[in-house]
Amino acid sequence: MNNNTFKTAFFDSLPVMAGYIVLGAAFGILLYDKGYSFIWAFIMSLTIYAGSMQFVAVNLLAGGASLISCAVMTLLVNARHILYGLSMIEKYRGMGKVKPYLIFSLTDETYALVCRGNPQNTDKKKYYFYISILNQSYWILGSVLGALLGSAISFNTAGIDFAMTALFVVIFIEQLYSKSNIFPAITGIACSVICLLIFKSQNFLIPSMLSIIAVLCIYGIITGEAASKNE
Amino acid sequence: MNNILNDVFVIAVVSVVTIFTRAIPFILFPGDRKIPKPIIFLSKVLPCSVMGMLIIYCLKDVSVISAPYGIPEFISIAVVVGLYLWKKNTLLSILTGTVCYMLLIQFVFI
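These protein sequence lines are chains Y and W, in that order. Residue numbers are given in this note's numbering: position 91 of the first sequence equals residue 91, and the series is strictly consecutive. Residue numbers are given in this note's numbering: position 72 of the second sequence equals residue 72, and the series is strictly consecutive.
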């Protein structure tokens, strides 16, 4: 059964393998471009392990951002993980010793796999653990390979950071398939553009986030979806 | 040396805050505690808004009033969206869009 669980987890994780190795490599190349060797890629993928945030972190490192703005930025970019956690509370109950690691490694892609539950004939605890650790290994492998390739690649890598924009655009479109996301999507774009025009590119993130939360709260109250009373 | 220390701090902060965002639901709602409705609502709608905000963040330094007027970004995003709607393949969209952007800024809009 042990072997079977691993095999199932491995096959289920194959799409993530493809994605993580390519995206991880893009991250590694970008990091190398900014003057950081593969050791940095390894450390970041091991300790941060958050795809989009690591791309943002490259800018934070290279741009000399203050630690406070790093913390705020991380909070904003990764706030969506709170949602993943909320919906995994039940499934991750009774996971024992591996639970802290399962929580640590709950990335978008890992969430996409584990939120479906474990397949029949697999051990729940082991399945979740194998999925989580396999995914992180792909990510680490990709980012280290990218940073190593970065030094060997002779072509001009200018513009490779567009991979991050593209990633966000794709996730955004995916979310738009759900009708209930249309208003939040417009809110996100509109508030950010308005704040960008008012506060300029250095300082617009925090006002953007605050105005987005404010608009969504008002929207929630009007539509009754955020009412604190239970129906 | 100073720089390395600063980089280590940045990575540590990003790591700790990331762990915080992943762990907070499990810390706040252990066992059978009920999750308040406003929080469920925000956690449902916020991810999409944040993605929109991040797209703007990526484009924050693009100028639409001076050459090349954000045209490479516009074309490449159109490629990403179009390809995704057509093939529904995340990786293919990202790869093609990125290559398109690199070619545009390196060879077309120099």
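Please note that a few of the clues may not be correct.
[What the hints assert, rightly or not] Listed next, the stretches of chain Y that the computed footprint assigns to chain W, with coverage defined by at least 3 CB atoms under 8 Å from CB atoms of chain W: (1) 24-34; (2) 65-72; (3) 121-131; (4) 185-195.
Source of the hints: derived by calculation from the structure; they are not laboratory data. Even for Gly, the Cβ is constructed at its ideal location relative to N, Cα and C.
* Can you take a look at whether the segment 185-195 of chain Y is actually covered by chain W? Rule is 3+ residues, C-beta closer than 8 Å. => Contact hint for the segment 185-195 of chain Y vs chain W: holds, 8 residues under 8 Å.
* To do: Apply the coverage criterion to the segment 121-131 of chain Y and chain W: a residue qualifies when its Cβ sits closer than 8 Å to a Cβ of the chain, and three qualifying residues are needed.
  => violated (count 0)
* Please count how many residues of the segment 65-72 of chain Y have a CB within 8 Å of a CB from chain W and say whether that reaches 3. => Coverage by chain W holds for the segment 65-72 of chain Y (4 residues, Cβ < 8 Å).
* To do: Three residues minimum, CB to CB under 8 Å: does the segment 24-34 of chain Y make the cut for coverage by chain W? Let me know.
  => violated (count 1)
Hints 1 and 3 from the list above are not met by this structure, while the remaining hints are.
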